[in-house]
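> Each chain is listed here by its residues.
2 protein chains.
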Amino acid sequence: MTFEFDEDTAVTRVDDATFAAQVTERWNTFAGPNGGYILSIAARALAVHLPMPDPLAVSAHFLRPATPGPATIHVESLKSGRRHASALTRLQQNGKDVLVALGTYADVSKASGRELLLNEPPALRDPDGGVDPGAGIDPAFMPPIAQRFVYRTDAPPGFALGKPSGRPAYDAWIRFADGREPDPLALTMFPDALFPTIFEIGELISTTVEMSVHVRAVPAPGWLTMRVSSRHITGGYHEEDVEIWDQRGTFVAQARQLALLGG
Amino acid sequence: MTFEFDEDTAVTRVDDATFAAQVTERWNTFAGPNGGYILSIAARALAVHLPMPDPLAVSAHFLRPATPGPATIHVESLKSGRRHASALTRLQQNGKDVLVALGTYADVSKASGRELLLNEPPALRDPDGGVDPGAGIDPAFMPPIAQRFVYRTDAPPGFALGKPSGRPAYDAWIRFADGREPDPLALTMFPDALFPTIFEIGELISTTVEMSVHVRAVPAPGWLTMRVSSRHITGGYHEEDVEIWDQRGTFVAQARQLALLGG
Chain A
1 MTFEFDEDTA
11 VTRVDDATFA
21 AQVTERWNTF
31 AGPNGGYILS
41 IAARALAVHL
51 PMPDPLAVSA
61 HFLRPATPGP
71 ATIHVESLKS
81 GRRHASALTR
91 LQQNGKDVLV
101 ALGTYADVSK
111 ASGRELLLNE
121 PPALRDPDGG
131 VDPGAGIDPA
141 FMPPIAQRFV
151 YRTDAPPGFA
161 LGKPSGRPAY
171 DAWIRFADGR
181 EPDPLALTMF
191 PDALFPTIFE
201 IGELISTTVE
211 MSVHVRAVPA
221 PGWLTMRVSS
231 RHITGGYHEE
241 DVEIWDQRGT
251 FVAQARQLAL
261 LGG
Chain B
1 MTFEFDEDTA
11 VTRVDDATFA
21 AQVTERWNTF
31 AGPNGGYILS
41 IAARALAVHL
51 PMPDPLAVSA
61 HFLRPATPGP
71 ATIHVESLKS
81 GRRHASALTR
91 LQQNGKDVLV
101 ALGTYADVSK
111 ASGRELLLNE
121 PPALRDPDGG
131 VDPGAGIDPA
141 FMPPIAQRFV
151 YRTDAPPGFA
161 LGKPSGRPAY
171 DAWIRFADGR
181 EPDPLALTMF
191 PDALFPTIFE
201 IGELISTTVE
211 MSVHVRAVPA
221 PGWLTMRVSS
231 RHITGGYHEE
241 DVEIWDQRGT
251 FVAQARQLAL
261 LGG
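As they're listed, the protein sequences go chains A and B.
Note that our numbering has the first sequence beginning at 1, numbered continuously upward.
Note that our numbering has the second sequence beginning at 1, numbered continuously upward.
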């Protein structure tokens, strides 16, 4: 079986430093293709190109809106060491940079060293006991990306009831709708996969300027738990902070984006 | 008067896409030149090169240790728009990449739009009533960078008393020792300028893999307040999260680095 995420992030090698991909409409938000989806195409090209498998740290700047259609991904290796391999990538459409990213890859399964956790995963009910936060929303108002994931929260979020809470934060379970299991590559997509925090302050669209993702462990199969929050909205900009745990409760990724309210 | 930070981050244009700089020993930690210092040299080259003055979002990957001595900074503009201008920069020593960074610059003083703050600056005593956290440490054991800043905390941190607290977090006041006032460029240095959180868990050295800085406002003259914490130490990696406010209490910057324990 081929899963949607793997189909839609597939990259074809064109030459030593170039890959081709097809941006699909399936991950569209209200404002076009989701930024995390575009990042995961670039991250996949780096995973193929580099001698290390996992996106330990990926930092992307979003320069232009992506559109469904063909894309070209340029990759340039910067350094390859015993533990880390780094590269630059540019995802272009119609000859223009859509996303430019730096990636430092590693074999995350081999990370060994000190462990000290001072943060707990969200205290959510088991996903089977949760609610679908989109259950009350007319499917005609749901963007395609909402069909790619299954979400569970303890209670419907304010925006889904037509009453934004004023508190731009959520805890939720998430998985791919078609049963694809999470892996380090998919952890570059998940940080941007939950409904935006700004829905809770009555905003509908924001434009990502920069997003950095740190993958800290290989996720176990099953659901992921996400904690998402925005705490500083200043001059129209806001951060969105994301922490992700796997179903065993292992901390697997952390991400932050800076975004500008509006399209 | 010329201030240390301005002297030591000075860049000289070599050609349209190249600057020269001199990495000094004055910002050395126990492991050589401080990462935030190296980043601020690259950020300064971008500020000169781009039509926008302030590092709204800078994402750096640290590929090799810097050493005191000459450095070459290559810059490549990626996009220049009405609100943002983005570029790639590579800081090289001896022909090899030390740091590669993406920068999206803006005129932060002109950011206008929604404001909503859900986070407070640290509740610290006035800096005049605080203590110098390094007061009890033999100056012979202090790296040069400690002389570049003045720090104030409410009480001496555990490591300074020889008793790391086990809690890798600090709140502190900070300013340049020579009186240079903070500005958006210096906010690329400050996130890495406080004593590392890992001192509180008995570690002395960590190596930055990636650091992203978001500058959210132009700081007022005077002290800055910083809140620094590490909450996830896994497989030998840890994040260091930084929030910075100016003396008026305005939120001015946010940063995160991923680092690996050890040299």
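Just so you know, the hints here were simulated from the structure itself, not pulled from any lab data.
Where hints are given, some of them may not hold.
One copy or two, either will do: identical chains are not told apart, so a pair holds if it fits within one copy or between any two.
Mimicking SDA-like on lysine to any residue, the simulated pairs with C-alpha atoms at most 25 Å apart in a straight line are [claimed, not checked]:
{"no.": "1", "residue 1": "163", "residue 2": "15"}
{"no.": "2", "residue 1": "79", "residue 2": "90"}
{"no.": "3", "residue 1": "96", "residue 2": "84"}
{"no.": "4", "residue 1": "110", "residue 2": "94"}
{"no.": "5", "residue 1": "96", "residue 2": "80"}
{"no.": "6", "residue 1": "96", "residue 2": "16"}
{"no.": "7", "residue 1": "96", "residue 2": "140"}
{"no.": "8", "residue 1": "96", "residue 2": "78"}
{"no.": "9", "residue 1": "79", "residue 2": "17"}
{"no.": "10", "residue 1": "79", "residue 2": "20"}
{"no.": "11", "residue 1": "96", "residue 2": "126"}
{"no.": "12", "residue 1": "79", "residue 2": "32"}
{"no.": "13", "residue 1": "96", "residue 2": "48"}
{"no.": "14", "residue 1": "79", "residue 2": "68"}
{"no.": "15", "residue 1": "79", "residue 2": "97"}
{"no.": "16", "residue 1": "79", "residue 2": "67"}
{"no.": "17", "residue 1": "110", "residue 2": "139"}
{"no.": "18", "residue 1": "163", "residue 2": "113"}
{"no.": "19", "residue 1": "79", "residue 2": "143"}
{"no.": "20", "residue 1": "96", "residue 2": "130"}
{"no.": "21", "residue 1": "79", "residue 2": "92"}
{"no.": "22", "residue 1": "163", "residue 2": "115"}
{"no.": "23", "residue 1": "163", "residue 2": "24"}
> Name the hints, by number, that the structure is in violation of.
1, 4, 7, 11, 17, 19, 20 and 23
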